[in-house]
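Peer 1: Residue numbers (this note's numbering), protein chains in the order written: chain A, 1 to 293; chain B, 1 to 293.
Be careful, since some hints might not be right.
[Stated by the list, open to error] Pairwise CB distance ranges, derived in the manner of DEER restraints:
#1 B:Gly97 / A:Ile225: 44 to 52 Å
#2 B:Ser269 / A:Glu163: 52 to 60 Å
#3 A:Ser24 / B:Pro99: 35 to 43 Å
#4 A:Asp286 / B:Gly97: 51 to 59 Å
I should point out that these hints are in silico values taken from the structure, not numbers from a laboratory.
The structure displayed is predicted, hence computed values, not measured ones.
Beta carbons are placed, not taken as given, at the ideal position from N, Cα and C, and that holds for glycine.
Number of protein chains: 2
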Amino acid sequence: MDFARYWSTRQERVEQALNTVLPSAETRPRTIHDAMRYSIFAGGKRLRPILCLAAAEVIGGEYENALPLACAVEIVHTYSLIHDDLPCMDNDDFRRGKPTSHKVYGEGMAVLAGDALLTIAFEAAAGARATERYNHAAMILELARASGSQGMVAGQVADIEGEGKKISVEDLQYIHLNKTAALITASIRLGGMAANAEPAQLDALTTFGRSLGLAFQVIDDILDITQTTEQLGKSAGKDVAAQKATYPALLGLDRAREIADELTTASRSALQPFGEKGKPLEMIADYLLDRKN
Amino acid sequence: MDFARYWSTRQERVEQALNTVLPSAETRPRTIHDAMRYSIFAGGKRLRPILCLAAAEVIGGEYENALPLACAVEIVHTYSLIHDDLPCMDNDDFRRGKPTSHKVYGEGMAVLAGDALLTIAFEAAAGARATERYNHAAMILELARASGSQGMVAGQVADIEGEGKKISVEDLQYIHLNKTAALITASIRLGGMAANAEPAQLDALTTFGRSLGLAFQVIDDILDITQTTEQLGKSAGKDVAAQKATYPALLGLDRAREIADELTTASRSALQPFGEKGKPLEMIADYLLDRKN
C-alpha cells in the first residue's frame, strides 16, 4: 500500500467534508464564519480524522459513515488550539506557520470562534448514522467525555497548573493522557463505532489509541527541543521557555526517544488481532514515529 | 395553580439534576470542577430549564424525560455568561451578585470552565430518551444550532460588532433573536421533543418561544436602565456605558415597554391551541413581564 497516496486521498475527503460542515464565509455574521474557516483550513495534518477513518476501515472495510465523526474530532482539536493560543493561556502568536486566531480577529472573536467550533462539532457528529451496537447518544458521549473536564480539558488544566513547578513522571503522563491521548483515542474508537465494532474490537482500538496518543505527545515534546521554529511551523523551544515539564526535560532526550519507541511498539501489538486488516492503522503509527514536525 | 410553588418545585428538581450531571468538586482536576460548579450554582433563576420542563408538561403531562435537556440548556447558558464576562468580551466583574469566574479563577481557567461546560451540556442532552418522532441526533442538532454561530454565538458576535455604532432596529432584533431568543426557543422546543410533540405542536411552541425570548431581552434592556446594581445583582447601566444599542436607547423607554407588552401578548396567543393545558407556559410569560431583576 502506498502510504502517501493512502493519506492524501483520505485527507482530501476530510477537507471536502469539513467544507460542507462549516457554514460558508459569506454566512451572517461573516466575521465568525471567516474566523472558524481560517483556523480549520490553516493546513493541519488531519491526523485525528484520518485515524478515525482508518479505524472504520480496519473494522468494516470502508469509511463513509465515519466521515461526520472524523470532522467532529478535527473541529474539536481546532477549537482547542484556538483557545490554547490565547494570551490568557499559552499566548502563542503563530500556529502552523500562520498568525493565530486572536492575532487576526482579536481575542473576543477568537474565544467565540472556538466556542462556535466546539458547538458545531456536535452537530457534525450527529450526522453519522447510528449502527446496530452504537446509537447517536453513545457517539455523542464518546466525543464529549474525551473532550471535556475529565478528558482533553483536564489535560490543559493540569498543564497550566504544572507550569514552573516540579512535577512527577506520573503527573506528566496524566497530562499527556488527557491533553492529547484522550481525543486521539476517541477518534479511533468513534471510527470503530461508525463501523459497528464488536466490543473486543473496540477494546483493541482503545489500547492502540492510548499508546499511540502518548507516543504522539512524547514525540511532540522531543520535536519542540530538537527542531527549529521554521521546521515546526510554530514557535519552537516554547516548552523550555515556559518551564513546562516534558519527557525530555524530566528524563533526558535519549530516554524520551526510547519511551516513544516502546509506546509505538505497544500500539502496534494492540493491532495484532486485526491481522492484515490492521495495516492502515499500523502504517499511521510508523509514520508518526518518524515525523519531523 | 400556585405559581411560586410551581416554580420552586421544578427549580429544585433542576438543581438536583445539575448536581448529578456535574462531576463533584473533588474530581481531578479539582480547579476546573470547582469553577464549573461555582458558575452553575451561582443562583440563577433557571428560566430556560423550567421553560423546557413546562413545555414537556404542556405536551405530555409530565417532565421527567425533559430533565437532561433542561440541564443541557442551563449549562449552555452558564458557559455563555462565563465567556461573555471575560475581559476580552464584556469585561464584567460581577454576575448574580458574585465575582465573575475569571475574577475568582483567572482568565485561562474561566475560558476552560466555559469550554468544559459547553462540552458537558451535550453529554447531558444525550441522557434524554429518544422519542418516537425525535431521536438523539434531532435533539443534539436542536441544541447545537441554537447555541452556535448561527444562533447564540451569532448574537454575541453582532452585539460586539455593534458596540459604539449606530445600528437599526432590524439589526437590534437580529442580535436579540440570536443572542437570547434562540436558546430560549430551543429550551421550549427540546421540552416538546422530549414529550414527542406533534409537528403542529412544535410549531406553536416555536412561535411562543421566539416572542417570549424577544420580550425577555427587551425587558432585560429596560431593567438595565431603570434598576440599580443592587436590585439586578449585576452591574447596572452597562449597556449605556458600552454604548450598546438597546430598544430603550433606539426607541425610548415607553415604546420599549409597549413592545415588551406586545411580544408577551403574541406569545400568549401562540399558546391558544393548547387550551387549559398551556397554563404553565402562560404563567411563565406573565411572570417574565413583571420581573424586577
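Peer 1: Each hint needs a verdict: does it hold in this structure or not?
Peer 2: These are the hints, each one checked on the structure:
1. B:Gly97 / A:Ile225: 44 to 52 Å: About 49 Å separates the Cβ atoms of B:Gly97 and A:Ile225, which means 44 to 52 Å holds.
2. B:Ser269 / A:Glu163: 52 to 60 Å: Holds: the Cβ-Cβ distance is about 58 Å, inside 52 to 60 Å.
3. A:Ser24 / B:Pro99: 35 to 43 Å: 40 Å, holds
4. A:Asp286 / B:Gly97: 51 to 59 Å: 58 Å, holds
When each numbered hint is compared with the structure, no violation occurs for any of them.
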